[in-house]
Amino acid sequence: MKKTEQFVMGTGSSFRGTLHVGLVNNMPDQALRTTEIQFARLLKEAAGPLDVRLRLFSLSSIPRSREARARMEGFYDDAGMLPHAPVDALIVTGAEPQAADLRAEPYWGELARLIDWAQAGTVTTLFSCLAAHAAVLHLDGIARRPLARKLSGVFTAIRREDDPLFLNVPSQFAVPHSRRNETPQDALAAHGYQVLTRLQGGGADLFTRELPGQSRFVFLQGHPEYDSVTLGREYLRDMGRFLRGDCTRPALPENYFDRVTEEMLHHAAGSGAPLEEHVRIVASALPLQQWRNHSVRLFANWLSSAAAAKGRRAASRAIHTRKRA
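Take any residue in the sequence shown, note its place counting from 1, add 48, and you have its number in the working numbering.
These aren't lab readings, by the way, just hints derived from the structure by calculation.
Every value quoted in this text rests on a predicted model; they were computed, and no experiment measured them.
The reader is advised that the hints may include incorrect statements.
[Said to hold, decoys possible] In silico DMTMM-like links for lysine to aspartate or glutamate, alpha-carbon gap of 20 Å or less: (1) K198 with D286; (2) K358 with E258; (3) K198 with D149; (4) K198 with E282; (5) K198 with D99; (6) K198 with E121; (7) K198 with E230; (8) K198 with E144; (9) K198 with E258; (10) K358 with D211; (11) K358 with E144.
Based on the sequences and whatever the hints tell you, model everything.
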């Protein structure tokens, strides 16, 4: 079975051709497979009648265990192959940072080259979380800044401008966030970025950058791809680190657990209960995935815009070819 065959998203439609989407998965080993599945499922739901194929890539400079590399063999291609791959649109995931300055990360040079290539090599590229922070730092020198505390939970995003990305998406919608840093809105505006949605209470959610003749870059500080249990898993990961003495006690993700579950988790944390008790409580919770429909609609619009841009690019090339003939 070819790498792309198991990731066929749609069945074909009025768009004449196949839309090839690349996923550059930068997540650490323990989250690699989960992230891959989350984006694949979201794209499958969003594809509708479009013939969408997903192909997996990874940065070779990201440190990985032998076991992880063995599992990736045959399913992931080196991101260095992208300039020679039939990819129309690209998704670049975040990663767990190891350095305060992103430029000190071991994969920085490879990621910077990928960003440069994507400007002309794709019709649109979507950067998620840390990848969004890295991209604006590389492109325009916009440095992210640390938040007073981790932003974790499900928040209300408010549309600031109309855009095809939000066709049939309400003016306010839910989106998960899980991050310790933010990109300043004033710096984005000063460099020509469009902040299309912001969080209720402040802070950019989704913003874009598009220069004439180049790919449309879409930047997400949130995580529309998250499934219903991701924020709970991340809380348990952070609680485990706290119980080992590696960090301060994590706050509960906001607007995620029901009130009874929150009270049980607060009591467990206050009483010094072992991690197993926290795991038991979280496992019994039933958080609502209140953001899913909006996420599917957002990605459906992104895929549709990518298909339209691919068609326009092909038509433009055909015209130039005829003129040279």
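Hints and how they fare:
A threshold of 20 Å between alpha carbons decides the hint, and for K198 with D286 the separation of about 11 Å falls inside it, so the pair holds. About 15 Å separates the Cα atoms of K358 and E258, which keeps this hinted pair within 20 Å; it holds. The suggested pairing of K198 with D149 holds, with an alpha-carbon distance near 18 Å, which does not exceed 20 Å. Under the criterion of a C-alpha separation no larger than 20 Å, the hint pairing K198 with E282 is consistent with the structure, at around 12 Å.
Proposed proximity of K198 and D99 is contradicted: the alpha carbons are some 39 Å apart, above 20 Å. Taking the CA atoms of K198 and E121, the gap is near 35 Å; set against the 20 Å cutoff, the hint is violated. Between K198 and E230 the alpha-carbon distance is near 10 Å, which keeps this suggested pair within the 20 Å criterion. Simply put, K198 and E144 have alpha-carbon atoms about 14 Å apart, close enough for the 20 Å limit, and the pair holds.
Taking the CA atoms of K198 and E258, the gap is near 30 Å; set against the 20 Å cutoff, the hint is violated. Pair hint K358 plus D211 holds up; C-alpha atoms about 18 Å apart against a cutoff of 20 Å. Only pairs whose Cα atoms come within 20 Å are accepted, and K358 paired with E144 is rejected, the gap being roughly 32 Å.
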